[in-house]
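Protein sequences, first through last, are from chains A and B.
Going by the working numbering, the first sequence opens with residue 1, and the numbers climb by one from there.
Going by the working numbering, the second sequence opens with residue 1, and the numbers climb by one from there.
It is possible that part of the hints are untrue.
Unchecked claim - Derived BS3-like pairs: lysine-lysine, alpha-carbon spacing no greater than 25 Å straight-line:
| id | chain 1 | residue 1 | chain 2 | residue 2 |
| --- | --- | --- | --- | --- |
| 1 | B | K108 | A | K514 |
| 2 | B | K108 | A | K511 |
| 3 | B | K108 | B | K121 |
| 4 | A | K514 | A | K291 |
| 5 | A | K291 | A | K511 |
Unchecked claim - A few chain A residues that don't get close to chain B, going by computed Cβ distances all over 12 Å:
| id | residue |
| --- | --- |
| 6 | S63 |
| 7 | S180 |
| 8 | L376 |
| 9 | D476 |
| 10 | S480 |
| 11 | E486 |
| 12 | S501 |
| 13 | V506 |
Said to hold, decoys possible - The calculated label-pair distances, taken between Cβ atoms and stated as ranges, are:
| id | chain 1 | residue 1 | chain 2 | residue 2 | range |
| --- | --- | --- | --- | --- | --- |
| 14 | B | G120 | A | H212 | 54 to 60 Å |
| 15 | A | G467 | B | R115 | 32 to 38 Å |
| 16 | A | K291 | B | G120 | 50 to 56 Å |
| 17 | A | K291 | B | P112 | 19 to 25 Å |
| 18 | A | D240 | B | G120 | 55 to 61 Å |
| 19 | B | A87 | A | E323 | 45 to 51 Å |
These are calculated hints, taken from the structure and not from any lab test.
Note that beta-carbon positions come from the ideal geometry of N, C-alpha and C, so glycine has one too.
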Amino acid sequence: MIGARTLSVLVLVAGGVAAAVGLGALAPERLFARGWGDLCFLGSFGVVVGTLVFRLWRLGERSAHYFRYTTDAIFWEGAEAHFLGGKRRRIVIGETPGVARELPPRLRHALCVAAALLYALAVFDTRALGLLEAFATGIGRGGTYCPEPSAAAAAAPVEDPNAPGCALIRRAYALGYADSLGDCAPDKKRAATSEAAVPICTLRQRDEPLLHYSWRRLISFWQGLEGRAHAGTVRELGRDFGKRLDHLKSLAASQRQVLDSAPHASHHIFTNLPDPGGAFRGETCGDRYLKLGHRPDAGTGPLRASRVFEHVVGQLLFEARYEPAAASCREVHVHFGAPPDTCEALAANPEAVLTRFGALAPVRAALARYRVAEELVALGGRAPAASPEVFLSFQCYVEDGARATTLHRFSLDGYALDATSSHVAPLADDATLFTDRYDALARLLVRGFHYGALLSEAGLAQPAAGGLEASFAGKDYLLSRLYGLENVDLYLDPSWIGTRSDLLEVYPYRKHLKNYVQIFRRQYARERGRL
Amino acid sequence: VRRALVVGLVLVACATARAAPRETHGAEQRVAYLEAALEAIRASKTVALDHAIEYVRVLDAGACVASTERLEVECLMTAARRYCHGAADAPRCHAVLDVVIAKALADKQLLPPERRYQLGKHASDPRREVERELERIHGALAVDFRLRMGDSDADGDVARHIDHYCLVSADATNLPWQACAASLVWFLRTERGP
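This is chain B alone, in the form it adopts within the complex (with noise of 0.2 Å):
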């Protein structure tokens, strides 16, 4: 009987784990791990910062460059493990490679190819003027973000409020959630923030 007791229990915790897989993005988990990331981008110095997106740059412009999003973005998080092999302080360099990453994908969305070339064709620096009409986009967005959620800065206000508003402004701007959050951590925590 207790043998059969503990295969009936073995049974259901193998039924329940099945019928409820880990969650790996839920609510608070979320708000946790974008405080983690404003934490980690605050506290980097500007020239390692400069270093990571430069870093992510070249690879998203050659090396990881895939025909599905999927591969690419399992290239970068690698190349990204690599760069932070053996950092001084790994997971603040994880989550500073992951913001970065999230918002150079984030910014072929928000601005597509043919925009691009629009704003290349008559400029004298065509990347200059992309960055720029970037910096301008992100900036919207967070003042739209202040305009709405206030402007608390304790870390883990914002990253609640951020969580909030990327959810619920997805349906009005069409910004998926990893992107919204992404450009919201980087700007309000760099030099640049409002």
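Next up, chain A with everything else stripped away, as it sits in the complex (with noise of 0.2 Å):
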């Protein structure tokens, strides 16, 4: 036996549960995608909602009807008449207060707000909620009277008495001297243009009646209707309906795609070199190659070519120091430890080695996001790329000392690919200057990069290495001096400052080397980019 309004409260939870849990709300993945005001405003909906509820239908006071499941045989008791069910198992409505289990109306209370706010959670996405924000902002906007006029006069634009040369021809005009103001006077066409371009106010006029204005609305809203509400339209709106029902299965996708947040690239990056720790891992690449320093810290052991491997790849995608990443941390995945002949392998069999290095994932749900991305043309969706290169890209850095650049190209899925491979020398355990691997890693990642003498900061008359060491051999004005390394620009010819390590301590690197990554990325951007 239980009261009416405590099964209505239990009704209206289970209610809110079936929709959250129906329409995926309670998923974790949508859940952490909402952001904080999000999550703020839905808090708030539910204890309002929740409470007006349980004020309103006083679902706090004690219930005057109560249902009891029997199996008993017919017999009417009292003020008891059946509800639902058959003759042998049945739920029975009675009358008598006071009688029928309740819930605390504490508890009742809590189960109101709860379920407002799994109703709140089901209905409400994140678009629902910028919708209702930007109605808001355009209810607080105001502005419903046209301008004064002496503000839109204001506005127009005004012939500009300080133009080069005009105070003389207009005095001289003033005085008699000239006949006409020539380029002076005042430009007519453009005051027409610039009268014309004034838009007509349809707003209310400052001494327009209410009922005029209400008027004038009404009819602007009627023609507007009628404009839009013939046969034309509806067929339109129908073809419409039917084109998106043909392709519903790939909105749904489309969908799922963003709620999950599927890649929108997928480049794979396979080297020899052993990982250095912790290096190009989703979690905490943003922060890791944020700000990194001019000159790698490559110190000493078997992890140093590896930690200078890191360095110049952080620096030339992920840096944003100078200007925003080239790619996105999660979409560029760079596997340590592969063989020196993974390009080939993955050239015969891409599947295995795929699946071998668990790239297979990323890269098949970066395809699919194409395939849909196609689709979706045709409901006017945006193109995607015009190749899956774009955003699909393998390459190979092996440090063996082989000295080649090789492309392999093969097939995934019915999509033609390429893998590139480049074989460098190994880093010297004496190095300094890392500019080899700077330039080994750009090509690998952007075919055909170039950075010559047109491309530097230093100019195009690069000093020589005789006059070089003719400025820097003095002992005095050891200050002064060194400005003159601006002109030097190591990316391009280091030969002659590779010899001098005690400039490289002080060398400006800030300069050239924001010069370089901004070239290659501008290149790499033009090569490589997301769906």
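Mind assembling these two chains? They're in different frames, but the hints should get you there.
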């Protein structure tokens, strides 16, 4: 025997749970995707609406009716009546206040709030909240009246009294020394254009009665409705609906990809170098490469080459000191410890190699996104990149001294792709200059990357090594002399400065490194990208 | 045999000299030079410093303007050598002029033309406004230096600290070593130092 009010509360909660679960509102990724502002709004909505329902429906009071499940033979006792069910099993409704079981009023209140919160979670998605916010902003903006004529006049462009040379010509014209103002005369054409450019204000005039304004709005609304509500529009709507219905699967897939944050690209770099420790991890990548030193902190030991590799790749793709990162951390996967012939193996058996490195899933997710985007072009969606090679790339960086760059072509899921492998000399133990690593990696990531004198900040007139040696031989003016290094771009020609470890310590890296990174990113953006 | 040995030794000496070029900006050389510069600025009279500043400013804005930084620096250094020629304490004069030139070139990097234009646009005395802004930047650098490196005042310690600070902070401030060092040497050893 349960009170009707308690049962109503429980039904409300069950409905809320069913709606929230059914619409996927309680999925962890959906909850994490909502911002704090959204969650605050939904919480407030739950408290206010839940409390209103609790108060207005008087769910805190004792129930006047109760429900009871029974299997007894039909026996109408007192004020009980058949409510639901058959002859054997049924639910009866009774009218004896005070005998039914009830939940405590505070618990009922809490359940009402919870039910309202669950409904809000199910109904209000981020887009709906955005629309609500835009509506509130629009309401708050006001401006139902046309602006004052003086304000409109002030906004109109005026003739520039300080136009070069015009003061003298105006003065000469005023004194009668000139027949006309010439170019300094007010531009009638421009004035006419600016007058015509001022839009007619259809808002309420300052002296317009409210009734007239309302009537004008009604007429305007009706004319708009007449213009839209004809058979052609309905047919167009029907056609549009049919088209969307035909692509329902793609639309649902697109929604799912957005909710799951499916990758927009998948770029893979395989290297035979060992992992220097925590490099290019999705969780830490953003912070780790936000600001890097100008020179790699290579240290010593077996991980020296890996640390330089990590620094160079981080600087070329992710560092945000000079400009926004060229790629998203979670879409660039670096596979350390790969065999030197990974690219050859990839070309021979792409699925097996990608599976071995755990790269098949992100690659297929990006391809799925590409397919969906292609299908949604018919519905007016943005056309994706012309070729999957833009958002799917595979490079092998091998330090084994072979010195060769090879292009391997292969096919995956029917798409033609390629992998570039670059073999370079191992890093020397005593190397202090890493410009050759920058060059090798930049050429690997961007096919045909070129950095020449025309692109350098040092200018075309590069100083000769002999002249530089003489410039930096003196022992006086040590501070001033160093400004001469601004015209020495070590990323262009490191031959002379590479021999001067003392100057490398005080070299102005920020100027030339910044330029190098910017040039690289410009070329990278032309070749690679995301969906 | 002796002749062959001599020729061999000469060849080895030449090869070694070519392999290891003469260093001018090694760590010890930098610190020693900064120490001398600190001493030179402190020992110079305010009038002499002001005169040196004005001399470099005029050259930098006129005769030594060049399309490349290297030519401009060479011109300023040549003019500075002429300025110090026959001075009572020539080495000190050279050290002071070097700091003044490096600081003048640093000021251009610290306050780029567009920022100078903004500052001067609404100011009644644009030059004073720019100077005040530069003073503020140099002061901020000196405060950061003091906070990080302590407040030892001996020339040797300060020189070592300046060298270390300017090398380490280059990644964060994007300031060239010489600009940072000249700014600190000047600010710490003139009356405005913290």
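Going through the hints against the structure:
{"no.": "1", "hint": "K108(B) <-> K514(A)", "result": "holds (19 Å)"}
{"no.": "2", "hint": "K108(B) <-> K511(A)", "result": "holds (14 Å)"}
{"no.": "3", "hint": "K108(B) <-> K121(B)", "result": "holds (18 Å)"}
{"no.": "4", "hint": "K514(A) <-> K291(A)", "result": "holds (12 Å)"}
{"no.": "5", "hint": "K291(A) <-> K511(A)", "result": "holds (16 Å)"}
{"no.": "6", "hint": "S63", "result": "holds (70 Å)"}
{"no.": "7", "hint": "S180", "result": "holds (35 Å)"}
{"no.": "8", "hint": "L376", "result": "holds (45 Å)"}
{"no.": "9", "hint": "D476", "result": "violated (5 Å)"}
{"no.": "10", "hint": "S480", "result": "violated (4 Å)"}
{"no.": "11", "hint": "E486", "result": "violated (4 Å)"}
{"no.": "12", "hint": "S501", "result": "violated (8 Å)"}
{"no.": "13", "hint": "V506", "result": "violated (4 Å)"}
{"no.": "14", "hint": "G120(B) <-> H212(A): 54 to 60 Å", "result": "holds (55 Å)"}
{"no.": "15", "hint": "G467(A) <-> R115(B): 32 to 38 Å", "result": "holds (33 Å)"}
{"no.": "16", "hint": "K291(A) <-> G120(B): 50 to 56 Å", "result": "violated (32 Å)"}
{"no.": "17", "hint": "K291(A) <-> P112(B): 19 to 25 Å", "result": "holds (21 Å)"}
{"no.": "18", "hint": "D240(A) <-> G120(B): 55 to 61 Å", "result": "holds (59 Å)"}
{"no.": "19", "hint": "A87(B) <-> E323(A): 45 to 51 Å", "result": "holds (48 Å)"}
Comparing the model with each earlier hint shows violations of hints 9, 10, 11, 12, 13, 16; every other hint is respected.
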